[in-house]
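J.: Chains as they are written, first to last, in the working numbering: chain A, 126 to 429; chain B, 2 to 156.
These aren't lab readings, by the way, just hints derived from the structure by calculation.
Since the model is a prediction, treat every value here as computed from it, not as a measurement.
For every residue, glycine included, the Cβ atom is placed at its ideal position computed from N, Cα and C.
A hint or two may mislead.
Said to hold, decoys possible - If you only want the chain B side, here are some residues facing chain A, beta carbon under 8 Å, derived:
#1 Phe-99
#2 Ser-100
#3 Pro-107
#4 Asp-116
#5 Ser-118
#6 Ile-122
#7 Arg-123
#8 Asp-128
#9 Asp-129
#10 Gln-140
#11 Leu-149
#12 Thr-150
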Amino acid sequence: MKLRSSFFAFIALLFLASAQAATPINQLKPLDADGAVSIDNVQGRIVVRTWARPEVKITGSLGQGVEKLIVAGDRRRLRIEVKYPQSTGGWGWWGSGKSHVEPTLLEVTLPAKAEVNIESVSAGVDVHGASGRRLAISSVSGDVTVASAAPGEASIETVSGSATLQLHTARTKFGTVSGDVRLEGRITGEVAIESVSGDVVLVTGVLRRMEFSTVSGVGRLQVALAEDASLQAESVSGDIWLTVPATTSARLALETFSGDIQSSAGRVDREEFAPGKRLNARLGEGDASIKIESFSGDVHFISK
Amino acid sequence: MSDHQLRWQLRQLPRELEPRRDLWPGIASQLPANNSARSRRWPWIAGLALAASLSLAIGLGWRQMEPEISTQDSLRAQLVQREADAMTREYRAAMRHFSGAPMPEPLLPTLLSLDQSAIDIRQAIADDPQSAFLLQQLQRTYARRLTLTQRAVTG
Numbered sequence: 126m127k128l129r130s131s132f133f134a135f136i137a138l139l140f141l142a143s144a145q146a147a148t149p150i151n152q153l154k155p156l157d158a159d160g161a162v163s164i165d166n167v168q169g170r171i172v173v174r175t176w177a178r179p180e181v182k183i184t185g186s187l188g189q190g191v192e193k194l195i196v197a198g199d200r201r202r203l204r205i206e207v208k209y210p211q212s213t214g215g216w217g218w219w220g221s222g223k224s225h226v227e228p229t230l231l232e233v234t235l236p237a238k239a240e241v242n243i244e245s246v247s248a249g250v251d252v253h254g255a256s257g258r259r260l261a262i263s264s265v266s267g268d269v270t271v272a273s274a275a276p277g278e279a280s281i282e283t284v285s286g287s288a289t290l291q292l293h294t295a296r297t298k299f300g301t302v303s304g305d306v307r308l309e310g311r312i313t314g315e316v317a318i319e320s321v322s323g324d325v326v327l328v329t330g331v332l333r334r335m336e337f338s339t340v341s342g343v344g345r346l347q348v349a350l351a352e353d354a355s356l357q358a359e360s361v362s363g364d365i366w367l368t369v370p371a372t373t374s375a376r377l378a379l380e381t382f383s384g385d386i387q388s389s390a391g392r393v394d395r396e397e398f399a400p401g402k403r404l405n406a407r408l409g410e411g412d413a414s415i416k417i418e419s420f421s422g423d424v425h426f427i428s429k
Numbered sequence: 002m003s004d005h006q007l008r009w010q011l012r013q014l015p016r017e018l019e020p021r022r023d024l025w026p027g028i029a030s031q032l033p034a035n036n037s038a039r040s041r042r043w044p045w046i047a048g049l050a051l052a053a054s055l056s057l058a059i060g061l062g063w064r065q066m067e068p069e070i071s072t073q074d075s076l077r078a079q080l081v082q083r084e085a086d087a088m089t090r091e092y093r094a095a096m097r098h099f100s101g102a103p104m105p106e107p108l109l110p111t112l113l114s115l116d117q118s119a120i121d122i123r124q125a126i127a128d129d130p131q132s133a134f135l136l137q138q139l140q141r142t143y144a145r146r147l148t149l150t151q152r153a154v155t156g
């Protein structure tokens with residue numbers, strides 16, 4: 126009899142364990158159409174979709190070992206956070222093999238005009254359609270995908286995660302250490318991109334201001350410039366390729382210490398008794414300003 | 002860019018380096034210890050000035066260059082190099098606060114990449130000390146390294 130009760134207790138424990146392995150999430154919270162949602166998940170996946178309802182639906186599954194899911198706030202500002210037992214002790218546990226926390230899948234459907242702020246460590250981030258005042262994403266190693274989003278401004282940062290971003294916005298800021306990024310869509314206004322070693326592909330509409338900086342990453346920039354625009358690109362050892370429309374009106378200043386300059390406009394001047402090459406040219410009326418400077422990276426300028 | 006403008010820009014850089022205010026407590030107290038390092042650096046700076054003077058002399062002999070321009074270049078190069086050294090000292094002082102803290106294994110390649118980038122930029126500054134933009138690159142790289150280290154430690 127005792128043996129049988131132990132057996133049933135064991136089965137019950139097994140069932141409990143399997144139920145805990147991936148606890149389903151299903152919550153619905155009210156949020157104003159222009160409210161703000163912050164989402165924080167360390168590992169797993171964060172999926173954001175939009176709809177026309179003044180509500181936030183949270184589904185997915187909570188990984189085994191997660192302490193709890195926090196959903197707090199009001200209809201102006203909602204916070205969704207996956208709380209981990211180790212979350213107060215830094216990231217020292219991450220990747221150490223000592224953690225028994227399973228990944229969590231968070232699927233969040235929110236009002237299309239809501240402001241969105243996402244923080245991840247290794248969780249992948251997938252956003253489709255966010256068009257609020259601001260879209261901010263910070264990820265360490267998780268890859269970031271954004272599609273059909275039209276926020277007032279976008280601020281996206283990764284450490285080693287790659288990013289594929291399709292945006293319609295007038296203010297874009299992107300930073301990475303070693304993640305590659307492809308940034309395109311109807312990007313206008315102001316763009317600022319910083320990369321350490323990640324490669325950058327950028328295709329934009331008409332910009333008023335652009336700043337690009339890399340240490341060793343390659344930058345392939347295809348941009349159009351407003352009349353009074355300012356474009357500044359700097360690289361230590363990464364190559365920079367800049368392509369502008371043939372109708373561009375700008376003053377062009379390219380300079381490199383030990384790299385090469387190749388340009389479809391102007392003539393390259395070489396220092397006579399020291400390293401260094403520079404090119405100054407005027408395109409059309411010379412309205413906008415284009416300045417590219419590198420230490421050892423090559424500079425390619427194409428007007429077509 | 003005039004020397005006045007350059008000096009002004011350089012003066013702004015160390016303040017911009019602060020990624021998070023709480024990274025820096027205690028740095029000031031460690032700075033006096035760096036004074037000796039500063040004084041040890043002087044012979045090197047003096048050597049740079051000497052090399053710049055030699056370059057000027059050679060330039061004068063070869064190309065009849067205007068001395069004012071070369072002197073300005075030399076001054077600018079010294080300023081940039083000195084600022085890079087000061088920035089590196091402050092960065093190292095800040096990093097000492099995190100020495101021994103465990104770093105997540107997946108983050109190690111990125112941290113190494115940042116360290117290598119800082120080394121490359123410092124080498125580039127040594128080769129081309131006229132480039133103020135390299136100083137900004139160094140500042141940003143140190144700031145990223147500090148911020149990332151702090152986030153890894155505090156979560």
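J.: Of the hints given before, which are not true for this structure?
T.: Numbers 1, 2, 4, 7, 10 and 12 - these are the hints that the structure violates, sorted from lowest upward.
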